[in-house]
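Peer 1: In case you want the letters, here they are:
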Amino acid sequence: MPLIKRTAAPAAQPANDARSSVEELLIDLKSIDPSLRRGAAHKLTDYPQAAAELCGALVIEPRESVRESILTALIRIGTKPAAEGLLPLLNSEDPGLRNGAIEALKTMPDAVAEHVDDIFAGSSDVRIFGVEILGALAHPDSPRLLMRIIAEDRELNVCAAAVEALAECGDGAAVAPLTALLERFPDEPFLEFSVRAALARIANG
Amino acid sequence: MADNAVTNVFGAQNLPDFPITTEEYIRFRDFFYAKTGVQFSETKRYFVDKRVAERARANDCDTFRQYFMFVRSAGSAGELQQLINLLTVNETYFFRENYQLESLVRFVLPEIAARKRPGDTIRIWSLPCSTGEEPYSIAISVLDSWPQSDQFAIEILGSDVDTRVLADAKAGIYGERSLQNVPPAARARYFTRRPENEYQIISELRESIDFFRLNISSKFEMSRHRNIDVVFCRNLLIYFDDVSRREAVESIFESLVPGGFIFLGHSESMSRMSSLFSPRRLGDSTVYQRPLEVR
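So the protein lines, in turn, are chains A and P.
Everything in the first sequence is counted per the working numbering, starting at 52 for the first residue and increasing by one.
Everything in the second sequence is counted per the working numbering, starting at 52 for the first residue and increasing by one.
Read the hints as simulated data drawn from the structure, not as lab findings.
Treat the hints with caution; some may be incorrect.
16 Å max Cα-Cα, derived EDC-like pairs, lysine to aspartate or glutamate [what the hints assert, rightly or not]: (1) P/221 to P/261; (2) P/86 to P/292; (3) P/95 to P/113; (4) A/56 to P/292; (5) A/157 to P/293; (6) A/81 to A/104; (7) P/270 to A/97; (8) P/95 to P/292; (9) A/56 to P/81; (10) A/157 to A/115; (11) A/56 to A/75; (12) A/56 to P/258; (13) P/86 to A/97; (14) P/167 to P/219; (15) A/131 to A/165; (16) A/157 to P/292; (17) A/81 to P/319; (18) A/81 to P/258; (19) A/56 to P/293.
Example chain P residues on the side facing chain A (calculated, C-beta under 10 Å, incomplete) [as the list claims (entries may be wrong)]: (20) 203; (21) 247; (22) 248.
Okay, the calculated beta carbon distance ranges per label pair [unchecked claim]: (23) P/85 to A/82: 42 to 52 Å; (24) A/110 to P/277: 26 to 36 Å; (25) A/223 to P/231: 46 to 56 Å; (26) P/90 to A/244: 34 to 44 Å; (27) P/94 to A/227: 23 to 33 Å; (28) P/68 to A/130: 39 to 49 Å; (29) P/108 to A/82: 49 to 59 Å; (30) A/227 to P/93: 22 to 32 Å; (31) A/82 to P/149: 35 to 45 Å; (32) P/91 to A/175: 39 to 49 Å; (33) A/143 to P/254: 39 to 49 Å; (34) A/110 to P/344: 48 to 58 Å; (35) A/53 to P/238: 14 to 24 Å.
C-beta: ideal position from N, C-alpha, C; glycine also.
Take the sequences, apply the hints, and build the full model.
Peer 2: This is the structure:
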């Protein structure tokens, strides 16, 4: 039988075995070896104080695999500084970086909720990303914030995105602002369709 | 209704003799999640409450609070393991989703073999292995259906966080229901008949698989296992929350050799978890490959 049994469990990898200091890990995060950078990102999960450095490393990181590890570490850290470091990436021209930041921010409800005004002071693209984040955010204020957007935002596409998000997380309180939105944009059939669909979904619970 | 009087879908109140409040349930759920990466939704409440109550009674604890303090105390690590055993799901059978095993022997192993020399080791890891049906199915598929199997040293590893199922896997005793997809020839070759319509994997096969306890959520434990060629991680990650899933996928990525493969359950998609792997359509299966050159 060609099957062989491993005779002993392998020893731990030395690099993972020793507990490194945050200073050592931050040096590894700048290593030319991507596996060292990934390993450093994994371990920096235990050091919330490294959030800003992780965000800085993420911006200049060329390897997708290392970016993934840094984003996972930031999601696990999930603090306000982590969110603050990710928010500027909503403006990034690099779609991988931007989408990574969006996915990470969706997991940071409290930190994101504190920065809603910053997000919605940005460009219409950033505001649409902000709506996407709010729609997925497990935060009790999300529906209220989305209602504020459809009441105030001047950009049709931002409002349409907010309508879609409200269809998922809104309740009866969203009916009046949704109806009012149709008065702000009276000649937009696709918006009317979206609003009707959202109202129907809300009515059906 | 009192908070502790949970009503099930049939309208009956559950566990009135061992009340667990919603607040306590959430505390327990968070604790269990922190320890294992497994998260239970509100819909799993009855399932969780029932098993927590069972363990509390077994330890002579009269209240949830008393039991929770016991589980959290450093001296009760064995009790946490008992809970893990009870709360993780272990349903499987031989040749489950057999099309993936066919893809393994028809496409994946030949591709791996092409990068190796005769006599080299090929490592296949069943994670989680539950009661052993999956790693034994892999072994039987490799032995019976991969013509090159004699040219390589093949290591099959089976891991699970549940020590009770690991003991069952090592014993290799199964009922008729588990064997329903096993072809008669394989049944004759790899099983011995036992009383009461049970079958046992032959000792040669049992002894050639390395079963060991492992918590996939522990980066340290995962870091001990490297140079794996193929991982079967089917129907596990669905129980994880997003961040634990990302971490588990990254740990598996590190465990695989460049070019190594991972099989997920048929309802799972790596593209929803991570962009680390490249999807490959091999036969009837979508298999995910760690790129040869790390991106």
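Peer 1: Going through the numbered hints above, which ones does this structure break? Give me the numbers in ascending order.
Peer 2: 3, 4, 9, 10, 11, 14, 17, 18, 19, 21, 22, 23, 33, 34
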